[in-house]
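Protein sequences appear in the order of chains A and B.
Taken in order, the first sequence gives residues 5 to 410; the numbers are from this note's numbering.
Taken in order, the second sequence gives residues 117 to 1016; the numbers are from this note's numbering.
Calculated from the structure, these hints are not laboratory results.
Where a beta carbon is used, it is the ideal one built from N, C-alpha and C, also for glycine.
One should not assume that every hint holds.
[Said to hold, decoys possible] What follows is a set of in silico ranges between Cβ atoms, one per label pair, in the way DEER data are often shown:
(1) B:E882 to A:D229: 25 to 35 Å
(2) B:P871 to A:R252: 45 to 55 Å
(3) B:G879 to A:G362: 52 to 62 Å
(4) A:P405 to B:P871: 28 to 38 Å
(5) A:G362 to B:L395: 37 to 47 Å
(6) A:R285 to B:E882: 35 to 45 Å
(7) B:A900 to A:D229: 49 to 59 Å
(8) A:L336 to B:P871: 16 to 26 Å
(9) A:L336 to B:G191: 29 to 39 Å
(10) A:P405 to B:E882: 22 to 32 Å
(11) B:P871 to A:V49: 50 to 60 Å
(12) A:N47 to B:R903: 41 to 51 Å
[To be verified] Covered stretches of chain A (chain B as the covering partner; in silico rule of three or more C-beta atoms under 8 Å from a C-beta of chain B):
(13) 337-351
(14) 388-397
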Amino acid sequence: MSEPLVIIGNGMAATRLVDEIAGRAPGRYAVTVVGEEPSLAYNRVLLSPLLAGEISADALELKPLDWWQSSTAELVTGCRAVEIDVRAKAVWLRGGRKLSYSKLVLAMGSEAIRLPLPGADLSGVVTFRTKEDAAEMMEAAKPGRRAVVIGGGLLGLEAASGLNRAGMKVTLVHLMDRLMERQLDPAAADMLKGAVEAAGIDVLLNAESAAIQGRRKAMGLRLKDGNLIDADLVVMAAGVRPNVRLARGANLDVERGIVVDDTLATSAPDVFAIGECAEHRGIAYGLVEPAYEQARVLAARLAGEDVRYDGSLLATNLKVSGLGVFSAGEFLGGPDTESIVLRDPDRGAYRKVVVKGGRLAGAVLFGDTADALWYLDLIRHGTSVVALREDLVFGRAFAQPETQAA
Amino acid sequence: MNAPTLGPAVRTTCPYCGVGCGVIARADGFGGARVEGDPEHPANKGRLCSKGSALGETLSLDGRLLHPMRRDMGGGYTQISWDEALGRVAEGFRATIARHGPDAVAFYVSGQLLTEDYYVANKLMKGFIGSGNIDTNSRLCMASSVAGHRRAFGSDTVPGCYEDLDEADLLVLVGSNAAWCHPVLFQRMVKNRRERGARIVLIDPRRTATAEDADLVLPVAPGTDSVLFAGLLASLSASNRIDRRFVADHTVGFAEALARSRHIAPDADAVARRCELPLADVERFFAWFATTERVVSLYSQGVNQSAQGTDKVNAILNCHLATGRIGKPGAGPFSLTGQPNAMGGREVGGLANQLAAHMGFEPESVDRVRRFWNAPQLADAPGLKSVELFDAVASGRIKALWVMATNPAVSLPRADAVRQALSSLDLLVVSEVMASTDTIASGADILLPGAAWGEKDGTVTNSERRISRQRAFLTPPGEVRPDWWIVTEVARRMGFGAAFGYGTPAEVFREHAALSAFENDGSRDFDIGALAGASDDEYAGLLPVQWPLPAGCAQGAARLFAHGGFYTPDRRAEFVAVDNPELSAKPSSAYPLRLNTGRVRDHWHTMSRTGKAPRLCQHIEAPFVSINPDDAARLSVEDGGFARVTTLHGSAVLSVAVSDGQRPGEIFAPIHWNGETASHARVGALVHSAVDPHSGQPELKATPAAIVPIGYRARGFLLSRRALALPSSIWWSRVALGEGWGFRIAFDAEETEWPAIARRLLGETELAEFEDGATGRYRAAVVAQDRLQSCLFIARDERSLPRWDWLKAQMATLRLGDEARRALLAGRAPGVSSDDGPNVCACFGVGRRRILEAYARGGATCAEDIGRLTKAGTNCGSCLPEIRRLAAGAVKERLDEPAA
């Protein structure tokens, strides 16, 4: 008899978990996936090209419908879970359906933060998180119309880039003094800004939003310094917040996210959390790689293996508006670190590696990220780089040609 | 691209040293030429040295002076017509002579001039301006040999010929690094040693590359050569090896010379002490000389460039006269001349103390030449010799000077003072092939563009008295003109047209030949009367020919004096009782060392030609000073570091090469670098101006000097497609890359300032940069249109600098892809450990690593194997000593060790 396993959330972490369990413990669990959004799980990373009209909505799907149909998992979409009873080991869905579980996995992700600005509720003000958000933006994205994106992090850049490619005149406003300040050092952020501007997007740094102007519909964004940026569309991309409401209601330990230990277990028995809603060793990861790692570890545990999750190396490895961006570890440098920098602005390429105590402590790559995984490996394994130091920043082909795959 | 169509093969003569090798040149149609040795020329029989082989690379018009120029008020130069230029020169000289007399003007000419150029210049100054004030840079090179020859033989005659080097059983090289400076001749000697078993003795304070092939090396104390040869004369007498018959029949003064020699050097022991040599080595040399009939003693700048140079020459000549070993096959004294036409210059009388055609200022000679030239104003007294001449410029006695084809602001002793003196002239005219030189920068008023090698026609004479043709094979660029034409045109504008009716160099040559034969009748050595009637066609086709060649002779004499017949009044050679030698200045506590100067293998003079050939710039890339290891340790001077060398007269900052080939207390620096090629390496500025009392040749090789280390925080290199002006705070030296320039640099600045310095040097442009502050490494590059435009590499530790041979190749790369761009700042291709290392064989571009590799892994055991495997050393052979040395070192040296 299969054990009932309920997964709340139908995003990237959940899908990966289903896939992993199917591979590791086929038939052991009767899996039910409960998703709030009405569609199949999709890849949020692709929302930007969707916005730009470069791909169709179908192309976002992580797994096609027939995969779900052929899997043993039951998929419940467009339905929100409203309560967990950890003593009864049951979840209530909206509409009254009750799902009993022997194991419960919370993979509810996070939600976009809606800034509490005057005018935030006007028509034409959106967040950028879901396909629905994207659809609304695409509706507004007529060539020649103007958009303001609030937030110069990854999400804001993706939104701005998508809208720009869709033909809108886009201004990106960012509170901090550089773009993607959590993933990039000042030099790389500056190159990113140059690249974004070269694509036709206006970037305002150190710009604090004060209010959204407009009577019924958004007309522009007023900044604290008094400047007004005309806009037909205002996108709030100022960060995300883990979805913890359900967990809090069930009296699970919650800080910023749902607190889990190295076995990804929450404070309640047989309740686990993975992905952006979870907080492990004080960190609520906002990226897909740690969510996949957690899914892998949890699937293994559910299959009976004794593996643990030690946390993910804070690494960013993705493309922002088509430009490779990678950062990992202590890339800003600090006491007792030595930075080695290579930059080629003509090629839009930048690298910085940070060495500490003879080991690679961090790295930032911009433009050319071909060596990202090599650096990540060196950081992750704490490999001594003393012998490689001279050519380290030039990449594996220079520093360790003998290890390079043919 | 179509393969270039080569022009016709033109037989000409190499423009470098006095060996005078025959060259076959074919213009490539793009301004360059393919150059090879002429197998039919008796001087080289097809061989060329590294410099000669690279002649084709030196013909670019980069930096050439192509139009007459006038300096304007702002110090810049404005192009003017030939007519205006010639008029200004003629009027300037005429006016100066009118106000201050003929001795207020002077010409300073060059062993680079062709005989015809030289003849016309000498005729204008001595014959028609009426002053003896024409001297030549041969004064710095040959004058002591001239004076020594004249004292002993009554004439400036080299008695032997190159075949003697093949036929001798003992070759004594005195003050000559022939392996580097006369490589083609030296390879003949080495062949003789290898095939016939001739011995080679090297007498030189420095252990040079020549020592590698010597059977005995005598590192004499500087200035003591004449002690050694006085001791030899005494020893020859003591061992009864004097040719009494020859001495009795053909010489005078033997007894006095012998007595003086015994006084200076009574025995081998005294010689050993005075010359600081092992007694056994002195005795071995004396024994070999005594018992070997076929001895050639070859001497060069180590003998000549000395305040006792003439005595050194005579001390050597004495030994040959005493043994009758002169003018015989395989036996004789042999002066190796430095310049391609120093001999031709001597023949026309280009030295201030010569008149013309090997005649001096004796009244009958003055009368004879006056009649021949129909020159009533003919100078009747010698003019000022180089050092005196520039002193007279400094003191204002000479007010107008015409410098032709030489660079006195670099090459004269106390060169900074000379530069200063030049700037004070009322009129400085410079005939040049280059648009910018230290001499021009001294404030030249008029620049006259001379035709360069390959563009002009005439004759030169080599060290064995062989006259060869230099022939044109290139179209003269711009408005350049041959020097004989320029001087002729000025002479005409000064009102001497009747005596300067020349329309071709052949006309000049015929007159020169006629003068040599005029009222000669065997009384003067220099007689080429047989050529006085040469038709234009015969001149054009003139084959290499030795003089004397009096009218009626078909072939010149290969050797002279075997049976006497010297050109003294009584036809007897004179033994000279030489003075007990003393260097002109003693080291002091302030200047405790002696500075020696000289050449390197692949450069020539002030590098205006060799500096254009990238492969010639690879052997030794930066100006250096070499120092003995003990001195270096005592004075905290480090190999590869920098040091300031100072004398009473100037200072230079040079890269340091610690060498046990250097005697303690002596340092050596090459003469080639100058204000155009380095920031602080005008070595001529350091040299004192003491001169030989007989020849007036300056003592360029023994100036008291001090050395202190300089620690630059940053060093590196800078490559640029365009010429750059570097700030004075940066030490630099520059080489040609073929595509732009390569600078070695050093300076004092913190790592944090390096990026700003990069922007100052490379321009405020987008730089590709590499920064590693912790280990003190910084690199920057500018790439445009996918080509490297410029780049800068700086490091605290020189070992952190990439090999720049590789980097230089990137300048030539037509398209740099992404990988290549990253590789650029890495300083090497991915996965490749290093490059070929410093160049050893310039002819075939073979580097040190490849040779070490061939020894270590290629199974090579000797230089011949290396030649087979890599071709290195198979052309000119001047790198063979180094290749042999590497064989010894290859065992010790680990290949993965970076080359120094």
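Earlier hints that do not hold, by number: 3, 5, 7, 9, 11
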